[in-house]
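Protein chains in written order, with the numbering used here: chain A, 1 to 98; chain B, 1 to 467.
Please note that the accuracy of each hint is not assured.
Simulated restraints, written as ranges between beta carbons of each label pair [as the list claims (entries may be wrong)]: (1) B:440 <-> A:31: 46 to 54 Å; (2) A:52 <-> B:440: 20 to 28 Å; (3) B:250 <-> A:30: 38 to 46 Å.
Below, a sample of chain A positions facing chain B; criterion: calculated Cβ distance under 7 Å [as the list claims (entries may be wrong)]: (4) 62; (5) 70; (6) 74; (7) 75; (8) 76; (9) 96; (10) 97.
By construction, these hints were calculated from the structure, which means they are not laboratory data. We put the CB at the ideal spot given by N, CA and C, even for glycine.
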Amino acid sequence: MITCKIELSGGLETLFGDSKEHSLQVEPENGQATLGDVIISARDKLLTERPELFMKNRSVRPGILVLINDTDWELTGQLQTIVEDGDTVTFISTLHGG
Amino acid sequence: MGRIERGGQRAHRQTGQQPNIIHFHRVSTSSEPYESCSRTSTQTVGQDDARVNWEGTEHQLTKEQVVRYSRQIILPSFGAQAQSRLCNSSVLIIGAGGLGSPVAMYLAAAGVGRLGIADRDAVELNNLHRQIAHRESTVGIHKCDSAGLTCRSINSSIQVEMYKDGFNQQIAMELASCFDVIVDATDNAPSRYLISDACVLAGKPLVSGAAIGTDGQLTVYNHGPDGPCYRCLFPEAPEPQSCSSCSDAGVLGVVPGIIGSLQALEAIKLASGVGRPLSRSLLLFDALAGRFTTVKLRQRMPSCIVCGTSPRITAESLLSYSYATFTGAPSHDAGPAPLELLAPIQRVTAAELHKWVTSDSVSIVDVRPEAQFSIAHIPGSTNLPFSEAKPQAFDEHIELMRQRVRDAAIDTGDDSLHPAVCVVCRRGNDSQRVVDLLVANGVNDVVDLAGGLEAWARESGVDFPHY
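Could you put the whole structure together from the sequences, leaning on the hints where they help?
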């Protein structure tokens, strides 16, 4: 089991009890924990409402950027990215207002 | 397609076959037009005096420009060369609102030679807390005119162009092509995709900013050999219900001001060739925590349908691409369309309700969020908030409503000519959902206020603030 820090931005915090920072314990499905595991755990343990505004299928919904230690998950392997104890995972909802 | 004229000093107005750019015209009436930037730097005094008074190194600034921009020219990391490039550059600002205001003002002040401003709205009083290019005296006036006026009053030596139909598909390619840098200061998803696509196809860097509530975001798209575009990051559009607008979610005025100022900075860096633009980086601003964070973004995606290896969106197909269908959202930041859930007999007009209220024989239930109820409500009304996103949260109020209808019916008497309880909200959509929910739970004798408190403010004849 690993413990990672979850950060929320761009309004996503409203789905997580209006708190922008959380600590999350993740039990990997097999072997090492991945970002896919983190997303499922965040939904199950931290999300307080409207899961459809956080997830679609087994990933995040369109319009959400996922970062691990301030780096776009596209550069690290998306859902398969290995998450280690102490890592920070950030979910950012893209804003449109102006 | 008509060509957008450039470089002239007189007002242009195109007619006939170019309806899309008919509203384009110059506001620059300056005696010191943009062309002066390209004048030789060797200055002379008087026609018969060929004596050289001064010359600059690798810049074409006039004496007036040296004086005006001296404080940034003497900056070693900027200098006369960068200022000269800035004076010869052109920037298009799309959206003259909370973001676009500081962008336009700072770029005008900094001496960008040619500024384009595209918007299609008029200034409203509720814009002024954040859209600082506008004034009380310009409420009701087109935002392009209002912002143009402000830019000219800051710096009359630059050229300002207005595109009063906004940045639409018909002129997107042409507009993006005739500016060096594009600034996205719009407020909705369809516009953001259209602007990004046009910038990719025209090969122009895009400074993109967004702000809502107390959060801001900033990045530069389509820049350098590997900079991603908006679609690389968001190939699939978010659902409309996950996007909030300033008119519904609110915005702290200074937040778009900060992001807009940073957009002006990025535009200046790109136009002058100074510094490292925020490409492949996303800056996040959390106003309440007082925190800026910059995160590293992906490079251009080979799979991207506009900037990838086999693009499906081209300059031609962009014209017929449906941005509204793709994003499921209209290209404006207005409220939701009116719902027609209830039968007309289940609804009352503001004028009717006003009669009932003055005769003190109706009980009013206001279902807006508490923050909005606290701004203003009809005296004597009760706040039982309803949220479309969480309708089940209203279940706890249903018994209360049943009781209220019963009590009100006793008060008004059996011979009352109207229902005992009226449900009101901001625009008349949530109130219909609540009445529908109540009727489904056997609570009858309830109506809603058609058009909500917006209609009430307009039509009831009482003094009520519109927000």
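Hints versus structure:
1. B:440 <-> A:31: 46 to 54 Å: Between residue 440 (chain B) and residue 31 (chain A), where Cβ atoms are some 50 Å apart, the hint holds.
2. A:52 <-> B:440: 20 to 28 Å: Given range 20 to 28 Å: holds, Cβ gap about 23 Å.
3. B:250 <-> A:30: 38 to 46 Å: Between residue 250 (chain B) and residue 30 (chain A), where Cβ atoms are some 45 Å apart, the hint holds.
4. 62: holds (4 Å)
5. 70: Residue 70 (chain A) check passes; min Cβ-Cβ to chain B is 5 Å, inside 7 Å.
6. 74: holds (4 Å)
7. 75: holds (6 Å)
8. 76: Hint violated; residue 76 (chain A) Cβ to chain B Cβ min 10 Å, cut 7 Å.
9. 96: Hint on residue 96 (chain A): holds, closest Cβ of chain B at ~5 Å, below 7 Å.
10. 97: holds (3 Å)
Hint compliance for this structure: hint 8 is the single one not met.
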